[in-house]
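Same order as they appear, the protein sequences are chains A and H.
Its first residue numbered 1, the first sequence is counted upward by one per residue in my numbering.
Its first residue numbered 1, the second sequence is counted upward by one per residue in my numbering.
Derived from the structure by calculation, the hints contain no laboratory data.
Every residue gets a Cβ at the ideal spot worked out from N, C-alpha and C, and that includes glycine.
Just to be clear, a hint being listed does not mean it is correct.
[As the list claims (entries may be wrong)] Chain A regions said to be covered by chain H (calculated; three or more residues, Cβ under 8 Å):
| # | stretch |
| --- | --- |
| 1 | 39–51 |
| 2 | 95–101 |
| 3 | 120–132 |
| 4 | 249–263 |
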Amino acid sequence: MEFFSALTEQTFLQNALIAGVLASIACGLIGTYVVVMRISYLAGGIAHSVMGGMGLAYYLGGSPFIGALIAAVVSALIIGWVKLYWQEREDTLIGALWASGMAIGVLFISQTPGYQVDLMSYLFGNILLVAKGDLWLMAGMDAVIIAAIALLYRPFQAVAFDAQFARLRGLPVNFLYLLLLCIVALTVVLMIQVVGLILVIALLTLPAAIAGHYTKTLGSMMALASLLGLAFTSGGLAISYQPDLPAGACIILLAAATFIISAIVAARKKPLETEAEA
Amino acid sequence: MSLQQLLADAVAAGWLPEVFQYPFVTYALIAAVMVGPLLGALGTLVVVKRLAFFSEAVGHGALTGVAVGILLGEPATQPVAALFGFCMSFALILHWVKSRTQVPYDALVGVFLAFAIALGAALLLYVAKKVNVHILENVLFGSILTVTPADLMLLGGISVISWVLIWRYGNQALMSALQPDLARVQGAGGRKTNVTLLDYGFVLLIALITVAAVKIIGAVLVGALLLIPATTARLISSNLRSFFIRTLMISTGCCVAGVVLPMALEIPIPSGAAIVLLASSVFLLVVLFRQLGWSQRLA
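Chain H with its partners taken away, still in its complex shape (with noise of 0.2 Å):
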């Protein structure tokens, strides 16, 4: 890879640390470059339309989707099919389910969440005889050592396709979620907008980020992302725009950082609980400030 020789070439000459010479490094940082600003650009849309114990849950399914994937005989650091397949139907279902019940919707993913990860846990530690116990330890709280050019390949696939999306769609679906009623009557750029399609496919998109980010933040601390920077962002912005762009910048460094820092402090901790403390710590910060009275100079 001509990148991986940059990079090496670069720390020889002395201009970066001297980590950035591992190729798995370089892996985990093209993922953490690519994962942050999707889950930032969708962590705005899960924040405004309230899913986040939804966001939650699919994350916790991706335990069940490993452990169903390794059942299934795929390789044990890389049971793709299982996972998306599993992830994506548990969205689907469970927002199929939600418009077609009365139960309370918390009740509701409660009941899907509890059911998932019992299938989950069972099927791990089951398997978990067969192969290492640490591949657990992975799949919950994230391993930069995992990241492999298959990964980063399928995740650049979800990245384009999920950009093109939001590009397309992203305006209508921020509408929709914020006045639904108005957005069905009038649609946004002059379109009918469909919105229960719309909810189908964040729904299904949420499903898909979550999976891809798995690998580096982990299937129970992935949730979190979505939320923490948007909800940061959301303390300092006075409209949309800067809403949306302040939350994809902490959400993509606070990706970075948890990758490099780490390995820079030599601290041996996952990824993913390096990542989610970084998030919170800016998110405390933020709190702190705007009770200074700082939050005008920021906004």
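Chain A extracted, bound-state conformation (with noise of 0.2 Å):
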């Protein structure tokens, strides 16, 4: 209970808690695309090219925050236009792009003079440390992502239902993909200041997997996985304080746990059936 109390003396965890908070609804409502169409691989792939991106801010002196930013959008639109129009090829290169920028990154980051601690923080996340202005960052990018899903909601559930009908129907079927990608880009920037980014693509999947056990449309699964993220990283933060843990690290090991015991008593529930369409 020591948490409680802590929390509300100390503003470092008052922040660290409005970031759990911001990234989980981005969570919840982009993990549930990303579930839904199957591209936990692309968006772990962006993930990990961020890292590039970061690495080269770092070395030029500015901020990673933007680095992050700029490569996250460039390595989605490269993933998207070799989804598009180059698909045999897909996975492999999406491996490619994954290590490539993670190899870029370290490159950076090993010529930049002095101590490099940053580079750990970088790959496991450090709640603790975001400030108030990265909130603030944070709460703008959740805006612009609720904005483009309220206002595109129909579209790009037909996307991600039945692209080919979609294309059919007359919709912007390449544009929307790529714009959803680059709506996962945000979000995967957003939540490496909480998790890490290695550990992005599990807070991305995980909350969604197991809303998807319990709901039946799109919306709701939303609503349940956000729900389950900001469970999650409270509950995580509030775990990891005492011990003194890292609470990226607990924040994921939550949900992994939940989501197994919940996949057991889905499996259990319906033992024939597929798992939830939705």
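Starting from two chains that each stand alone, build the complex the way the hints lay out.
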């Protein structure tokens, strides 16, 4: 219970909690698309290639956050282009981008003079170091994500479930797909603040995958996934506080444990049915 | 070691650059020469079978293996038993669940990956308080400094086993990858092909080689070296034989150059990063050349 008394006093804990809330909104909304469209490998590729942008920004003395944002959008566009026009090589090219981004990041960080402890906080996140300014940035990105989904909920749904039919009905499918990938990129950058880039893919997929066990529509899946994300980030933060464990890892472990329990329960409930489609 | 003596003499005679007088350089080079072709050979199958995400996941699993090993009290630089144990069981369980569930493959691998890295990150950051933080970096991105003679023996053993398996079953595996139904019915080389068994064997082999390569390439980057050389070679090859041989050449070349170049140019980057960057540059060059219409001459 020391966590709660500390929460009322320590600003950094309050900031961390707010960051968790902001990240879980995005992870619920976008994670649902990622799970439904089966693009977690794509999201992983974006997350890892972000390292290249962070490293470059760090080397040039700029803000790693901006570098991450640019790298994420660029890699989302590359991946989207490959997916749309060069599909037979899709998975290997994502793998290549995944590793090259990391390698470039490591190269630049190693070339930057000074102590390189930042590398670990990029990789595994440090929610306790989130500053007030970052919170505003995160809130702004959340607003963009929510606005995009509110405006384009139905078109996105059409692209996610039946792209061919959507194309037939005259929707700009390729544009919508690329836009969605850019929003995924935005979400990835937002979540790197909280759990670090290696764990982003976990926070993106686990809450939505759990929510998929219990919901039937895209909207309810998003809502449940966001709530779960909220529970995991706050819960993980609280668990990690007292024994001084890494917060990002605790958040993901909590999510993974919940997923396993949920998967077993769901499998018992309907042994022969396929997984929830939504 | 006599090879070491030979190299030292060559350095003294002025045939080789000075870096070769250090034993760790020799070890790293031997490791690169062994790991490169193996990754290439398996990479051809990984690319054909579209197991890219799977091999990334197994690579990240190595992170957890190292953490478990250190936690169980194995030496921090060499948690061999836990590393092999964890990665191979990770690959086996993932493959087993895959054949028994309706969950989409992408989501399944994603969840497994998420779980493994969460566990790995939690444990690693926990043990990192006890051991040097740089061990973490070595595990993630590889380091040639950590290769020991014992590693080389292990790597040699793994190489022998893998090559025997590839030589004996490679054709069948390729056939079952390209035409699973045909392979099941007809079999390659007159024998009935047990596709399920081959799949399990292949998955285990990927795990084995991933772990073997972690030392010099690193857990995060090892997956890429299974993919990039094979993808590159596929662009410039017209038949399976040249595809296989070119993959081997590219991956071995990148591994060796990735070990030597940073040292020769005195750039302090992890060997894994150098190897992957080289491989991606080769890939980009090939794509460019192809766009310029040079593919006819290369093929």
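Hints, one by one, checked against the model:
no.	hint	result
1	39–51	holds (count 5)
2	95–101	holds (count 5)
3	120–132	holds (count 3)
4	249–263	holds (count 8)
When the structure is compared with the earlier hints, no violation turns up for any of them.
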